[in-house]
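Novice: Top line first, the protein sequences correspond to chains A and B.
The first sequence begins at 168 in our numbering and counts up one residue at a time.
The second sequence begins at 946 in our numbering and counts up one residue at a time.
For the record, the hints were derived by calculation from the structure and aren't laboratory data.
No residue lacks a Cβ here, since even glycine has one placed at the ideal position from N, Cα and C.
It is possible that part of the hints are untrue.
To be verified - One side only, chain A facing chain B, incomplete, derived with CB under 7 Å:
(1) G366
(2) A367
(3) H376
(4) P379
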Amino acid sequence: MSTTDMGKPLATTRSFAGLRSALHIITQSYSMMLAALLLLAVLLLIIIVPLTPGYDPYSQNLAVSLATPFETIDGRTYIFGTDTLGRDLLSRVALAGRVSLLIGVSAVAISLVIGVFLGLVAGFFRGVVESAVMGLADLQLSIPRVLLLIAVAAIVGPSIANLTILLGLTSWVVYGRVARAMALSLREREFVLSAVTQGASAAWNIRKHLLPNVLPQMLIVGSFELGQIIVFEASLSYLGLGIQPPLPSWGMMISEGQEYLETDPWIALLPGIAIFMLVTGVQFLSQAFTSEGQFDLASPPKAST
Amino acid sequence: MSLSSNPVPILSVRDLVVEVATTNGPVRIVDRVSFDIQTGEVFGIVGESGSGKSITMLAVMGLLTGRTRLAGGDVLLRGRSLTGMSREELRQIRGRHLSMIFQDPMTSLNPVLRVGDQIAEILNIHRPDMTRAAVRDRVIELLGLVGVPSPERRYRQYPHEYSGGMRQRAMIAMAIANDPDILIADEPTTALDVTIQAQVMELLLAVRTRTKAAMILITHDLGLVAESADRVAVMYGGRLMEEGPVDEIFSRPGHPYTVGLMASRPRLDVAPEFLYSIPGQPPGLTNRPTGCVFNPRCGLRNGRDICTTSVPPFDPVGRAHGAACHFWRETHGWIGEVGAVVHDATRVREPL
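Starting from the given sequences, assemble the full structure and let the hints guide the process.
Specialist: This is the structure we're talking about:
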């Protein structure tokens, strides 16, 4: 949309208005406040910690192995404790969070693009195209996703890029189905017919009229999916098919800490709590978006001009 | 069977037939409709719901979908046949030469896009060479032209920030953006407030004069037609019943259906309980009468057989004026009777 041609002073007042209305929306509901709190905590952890002087996720020091949280050894306090090799868990959880979020957000972006494209095309054209796309979706759904991911990850080999692409390619169905369902009703709306009478082509209609109408809902689906993807990544890494050491991911840290669950539970617990906070935060956020209804991602804050 | 004398009609519809597929085979919902539109004229098409007026226009624009299809006839734009054109050629024509305004401005605008950008879209489709700034200036000019106040600010607003009348103004701006030859207005004022209706209609006629476009006005509002149209076509059951200059049709209607329509208008001097209505129901898809489609409801028929056995030809009944009735010569005398019915009712003071 043409925000580029707005004057500078206007743009600043607008962004302030946006910030204020965002705060207003957050304080409107408890689920939104809770979501904001949880997400803020996770984001602070993964953004701030790597900037602090004590940040060191890799170096091993057996002298301080298995330090309990808040234990001070040689004048250094390990807030999250250390693992068996004496690595600082606070640093590792923060780095792992970056890895997990990177994979999660990229995979959601890939699947959203594929799913929305296929879904809109299927719903707009109907007929053979629709049958083909929906057939593909059913085919995909008939194979358990974890099984498919394990099989393919075993073949192409584990790497961050492979993992992200795989997760992205196998998660498009949910977007595709929702986008198709919405396209089915949108294609009958008068503004689409009106655009057709003005000479708009199918591609034009899909891009200009269907896409902006489905995008808010797609982003909400995406927020649900983000949690799922991070858990998937965790399970794949847990099985050794995802992130490779020494790079940590939350899932891998849990699998490493599993052996020490009885004696030193924080090793597995801390990344587990981080996953929980992120996923819960994102889900509460999407819930707040869906249930409130009043907040529409595509429409601007009420004009203050 | 063109009745007008002008040599080059801008749009010529010839024996248009539209069929809809039903379980009992195809049914004709538009049956051999012909008319010519001259440059710059306002052509009204009236008829009740389901008479085929809107479907005729969709057929003209090549927009029949689903179970409806063009089964015959031709549409000529400046002598070029539209029916034989490829999809891409038609797309180029739409919005550039033929433009359409819909009934409900509430649903014809996309709620998630800025109004200005939606008007700009029409320019972008047909004139990809225009720069962003030029398109923007043109849209603001168009908004000003259709009487939207402070167009620069209104450009950035979304449809929910516009009132109904303003939205219809925006739709009109959209329709005239590329200076089309023909503006098709499908009940442009039906969804609007009565006070706004007059304003919008006035605007529509004003912009039409300015752009010198011909206009096809589809409506069931006879008053609107009387005020705005140069010529009128009356449709019923998918057929053209009568066509002619507006003053001719109103002063000397040739078809009993036209008479019935005019008698059905609410009048200030007759109590609303005594509002005349044409007896019976318009034909459905499956029970179309043989012969003249209007025969079961016709007050002029008086049991005569020819009405059920033969489709009446479109006879010239006056200067550039034609009607499809076997007994059009009797219509004038019969008008008195319909008037008498209404008149009697007022006297008796009993609801019909």
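Novice: If a hint holds in the structure, say so; if it doesn't, say that too.
Specialist: Hint-by-hint comparison with the structure:
{"no.": "1", "hint": "G366", "result": "3 Å, holds"}
{"no.": "2", "hint": "A367", "result": "6 Å, holds"}
{"no.": "3", "hint": "H376", "result": "5 Å, holds"}
{"no.": "4", "hint": "P379", "result": "5 Å, holds"}
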